[in-house]
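There are 2 protein chains.
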Amino acid sequence: MGKNITWHQSTVTKMDRHTLNGHKSCVLWFTGLSGSGKSTLANAVDHALFMRGIRSYVLDGDNIRHGLNRDLSFRKEDRKENIRRIGEVAKLFVDSGQIISSAFISPYLADRELVRNMFAEGEFIEIYLHCPIEVCESRDPKGLYKKARKGEIAEFTGITSPYEKPDQPEIFIETNKMTIEQSVSDILAYLKERKIL
Amino acid sequence: MGKNITWHQSTVTKMDRHTLNGHKSCVLWFTGLSGSGKSTLANAVDHALFMRGIRSYVLDGDNIRHGLNRDLSFRKEDRKENIRRIGEVAKLFVDSGQIISSAFISPYLADRELVRNMFAEGEFIEIYLHCPIEVCESRDPKGLYKKARKGEIAEFTGITSPYEKPDQPEIFIETNKMTIEQSVSDILAYLKERKIL
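Same order as they appear, the protein sequences are chains A and B.
Be aware that the first sequence starts at 1, since it is given in the working numbering, and climbs by one per residue.
Be aware that the second sequence starts at 1, since it is given in the working numbering, and climbs by one per residue.
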């Protein structure tokens with residue numbers, strides 16, 4: 001691998017695309033337990049960005065597993081590969097000038113670090129959705145906690161598989177204490193403060 | 001796989017994104033021998049679209065192999081997986097409202113069919129860059145034909161590995177007879193005719 005490969009510099013640069021769009025690009029990396037609200041919040045942020053004419057898109061853990069990562073299981077090695085590929089796709093979207101939200105449990109620190117290191121300083125924005133597991137379990141939007149408790153799902157994050165909390169996420173949201181509207185507003189404020197918008 | 005997965009309908013739809021962008025999205029799938037001009041033409045089309053304020057991006061065979069597909073070799077099974085993943089990524093870009101150009105040899109009919117079938121009618125536009133192998137070999141921009149002739153590259157398309165021509169590509173370009181400008185112009189005319197632009 002690598003020997004017979006040449007890197008093609010795209011004629012249109014990332015900076016050109018930022019100029020066309022009127023905003024910079026970045027990845028909003030939502031991480032947290034199942035039921036902590038990642039997809040809901042990522043889609044709410046995406047909608048708020050769209051309403052402001054900002055080019056954005058959501059990569060969703062559940063959605064992407066029907067396509068790109070349909071060949072991967074939920075075992076640790078495959079979870080790592082799942083996150084690596086999503087990181088690489090997010091990088092392509094950032095290069096294309098979009099704000100890309102990714103909503104995956106992404107339970108391992110090392111895997112998230114691997115993705116962070118794919119990006120330039122300031123492009124990777126980790127958003128940790130904190131929510132007590134009891135609350136996530138009571139929400140249980142897909143009935144997964146129930147199945148996990150019955151032993152029907154092996155290696156379920158928070159029950160039979162660890163969730164490693166981010167040490168220093170760029171944004172920290174307690175989804176059992178804040179409304180979606182407040183959370184979206186905090187994220188947009190961060191993007192403005194960092195001059196991404 | 002698949003049992004514990006729910007498809008999340010994105011709040012913002014592809015059609016919403018088309019409205020924001022003022023154009024539809026599609027994939028321009030460039031296929032042809034090494035040296036037939038895929039990357040050059042894909043980037044030229046991308047630049048022409050950019051200059052018209054159209055949201056577009058290029059997935060390049062050589063570039064993507066440094067990232068998403070760095071774990072894949074050039075063997076037949078891996079070439080298939082290479083194309084499958086690129087198709088899935090192209091699909092995400094099309095869903096995000098962009099015109100995505102992909103520039104890969106993609107030598108096998110079945111692999112290209114697999115990608116075509118991921119898309120709705122009219123979204124997958126196959127562009128066959130025809131060029132006699134002697135001309136491609138004389139261009140040899142990366143010195144790969146020279147290496148292949150020396151036996152330093154196993155399974156090189158056109159020499160030790162087959163290239164299966166498209167039966168009915170949407171666009172057919174003889175890159176040894178047309179200038180880049182003419183080719184770009186033909187592709188843009190096609191996009192206008194199909195009301196993508």
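These are calculated hints, taken from the structure and not from any lab test.
Certain hints may be false.
Under the rule of at most 35 Å between Cα atoms (straight-line distance), these lysine-lysine pairs were calculated in the DSBU-like manner [what the hints assert, rightly or not]:
1. A:14 <-> A:165
2. B:177 <-> B:91
3. B:91 <-> A:91
4. A:24 <-> A:91
5. B:150 <-> A:14
6. B:142 <-> A:14
7. B:177 <-> A:80
8. B:76 <-> A:14
9. B:150 <-> A:142
10. B:195 <-> B:14
Evaluated hints:
1. Restraint check for residue 14 of chain A and residue 165 of chain A: the C-alpha separation of about 32 Å stays at or below 35 Å, so the hint holds.
2. Taken as a hint, the residue 177 of chain B and residue 91 of chain B pair is honoured in the structure, with Cα atoms around 32 Å apart against an allowance of 35 Å.
3. Pair hint residue 91 of chain B plus residue 91 of chain A holds up; C-alpha atoms about 16 Å apart against a cutoff of 35 Å.
4. Simply put, residue 24 of chain A and residue 91 of chain A have alpha-carbon atoms about 13 Å apart, close enough for the 35 Å limit, and the pair holds.
5. The hinted pair formed by residue 150 of chain B and residue 14 of chain A fails the criterion: a straight-line CA distance of about 39 Å is larger than 35 Å.
6. Only pairs whose Cα atoms come within 35 Å are accepted, and residue 142 of chain B paired with residue 14 of chain A is accepted, the gap being roughly 25 Å.
7. For the proposed pair residue 177 of chain B and residue 80 of chain A, the alpha carbon gap of about 47 Å is over 35 Å, so the pair is violated.
8. Our distance criterion of 35 Å between C-alpha atoms is met by residue 76 of chain B and residue 14 of chain A, whose separation comes to about 33 Å.
9. About 57 Å separates the Cα atoms of residue 150 of chain B and residue 142 of chain A, which puts this hinted pair outside 35 Å; it is violated.
10. Using a Cα cut-off of 35 Å, the hinted pair residue 195 of chain B and residue 14 of chain B holds, with the two alpha carbons roughly 16 Å apart.
The structure is inconsistent with the numbered hints 5, 7 and 9, although it conforms to all the rest.
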